[in-house]
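Here is what each chain is made of, one letter per residue.
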Amino acid sequence: MQDISIATHLQSLVPSLNQMQQDGETGFGEMLTKAIDEANTAQLKADKATTDLVTGRADNIHEVMLSMEEADISMRMLVQMRNKVVDAYQEIIRMQV
Amino acid sequence: MSSNIFADNTTLLLKKNLNLRLQNQQIIAGNVANAQTPGYSAKRLEFQNALRQAADSSEHGMTVTNPRHISPSGGSIEAVQGKVTEIKNDQGIGDGNSVEVDQEMLLMAQNQLMYEASVQLLNKKMGIIKYVVQGN
Amino acid sequence: MDVFNSLNISASALKAQRIRLDTISANMANAETTRTPEGGPYRRKMVVFEPQQMSFADHMASKQSTAAMGVRVSQIAVDYSESKLVYDPSHPDADDSGYVAMPNVDILKETTDMLMATRAYEANVTAIKSAKRMALKALEIGK
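Protein sequence lines, in the order shown, are assigned to chains A, B and C.
Heads up, the final residue of the first sequence is numbered 97 in this note's numbering, and it's a clean run with no missing numbers.
Heads up, the final residue of the second sequence is numbered 136 in this note's numbering, and it's a clean run with no missing numbers.
Heads up, the final residue of the third sequence is numbered 143 in this note's numbering, and it's a clean run with no missing numbers.
Be aware that one or more of the hints could be misleading.
Claimed, not checked - Pair ranges (Cβ atoms, derived):
1) I129/B - M116/C: 48 to 58 angstroms
2) D79/C - Q53/B: 22 to 32 angstroms
3) E63/A - V133/B: 39 to 49 angstroms
As the list claims (entries may be wrong) - List of simulated lysine to aspartate or glutamate pairs, DMTMM-like, C-alpha gap at most 20 angstroms:
4) K15/B - E38/A
5) K15/B - E140/C
6) K124/B - E63/A
7) K124/B - D72/A
8) K15/B - D79/C
Said to hold, decoys possible - Covered stretches of chain C (in silico footprint by chain B; criterion: 3 or more residues with CB under 8 angstroms from a CB of chain B, positions within the stretch not fixed):
9) 9 to 23
10) 135 to 141
No lab work stands behind these hints: they were computed from the structure.
Where is the CB? At the ideal position from N, CA and C, for every residue including glycine.
Just need the whole structure built from these sequences, with the hints factored in.
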């Protein structure tokens, strides 16, 4: 058993960090991209539903309202995510190594 | 920044819809007011087809990768105008008035609903933009 | 402004229907009036409607047939159809053969007319409410 010291702690952290990089799905960049895509899709869907309602092609108002609400929420989620990512980045930058 | 974030097709469509629906309200009110005037023909405002064509042609302009990018062919939506048509009463009986009050009431309710829905949708769109601008 | 134009149209209809109701009330009140200042029995009156251009702007643009039109009472016409002759020799207004000329007012018809006027009035009130709601809703843009 090794001595519990800062060195051994850091060494145990390193492999999990490497693993995260290799997964490639949980990096901050990918999460943000996915959120942007979702927000974009939701916006396009809401726009299409609105156009259909206004031009008389669709008949249910509730669907349009729901998709508009979804677009709103996904945009908010994206903005929040961006804020958190920026905060996390700034925190990491501030870390003194 | 020369592009206008309020000039995307859906916003233009909603604004145009508000204008047309207001005009329609007047036409319907005129019909209801003249429901017993002899010889009066009920009027209708036709605009949904024109709106649909304008929306479709604007859609097939340039494709955009982000809904915030502006497609430059939105001019046709702004040019849409409603056309007033008349419904004549050619039954040969009565005083030649072709207004059916219950039909007009139905159209009025529909019109009002669409107007309020458009206002609500416009609000939501503006709300999204506002939120992004504020950032929190 | 367009929204006020809509209200004006409906208001003109309210006024016209009210005049019609007044005429009907006058008819019903005088259903048995056998002598009038002009001589002869009371004669039934009726209103004649015609479309009316509401806004000044439409006059200027001369969009006569495409604009929404209000309504006005163009005249209160007198119904010159035959008076009813009722046999009643004891009546002070009876003529030589004992017949009295009664007004040509049919109560049933006037009642029906009154119902129609009421319904039309209500329909126009609904139109006003609808226009007002739309205007108020537009005020909420951006809230």
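We went through each hint and held it up to the structure:
At about 51 angstroms, the CB distance of I129/B to M116/C agrees with the hint of 48 to 58 angstroms. A C-beta distance of roughly 53 angstroms is found between D79/C and Q53/B, which places it outside the suggested range of 22 to 32 angstroms. Between E63/A and V133/B the CB atoms are about 28 angstroms apart, so this pair departs from the stated range of 39 to 49 angstroms. Proximity of K15/B to E38/A is assessed by CA-CA distance (about 27 angstroms); at most 20 angstroms being required, the pair is judged violated.
A C-alpha spacing of about 14 angstroms is found between K15/B and E140/C, which places the hinted pair at or below 20 angstroms, so the restraint holds. Between K124/B and E63/A the alpha-carbon distance is near 14 angstroms, which keeps this suggested pair within the 20 angstroms criterion. About 7 angstroms separates the Cα atoms of K124/B and D72/A, which keeps this hinted pair within 20 angstroms; it holds. Using a Cα cut-off of 20 angstroms, the hinted pair K15/B and D79/C is violated, with the two alpha carbons roughly 51 angstroms apart.
Under the rule that three or more residues need a Cβ within less than 8 angstroms of chain B, the assignment of the region 9 to 23 of chain C holds, with 5 such residues. Remark: the region 135 to 141 of chain C is confirmed as covered by chain B, as 4 of its residues place a Cβ nearer than 8 angstroms to a Cβ of that chain, reaching the required three.
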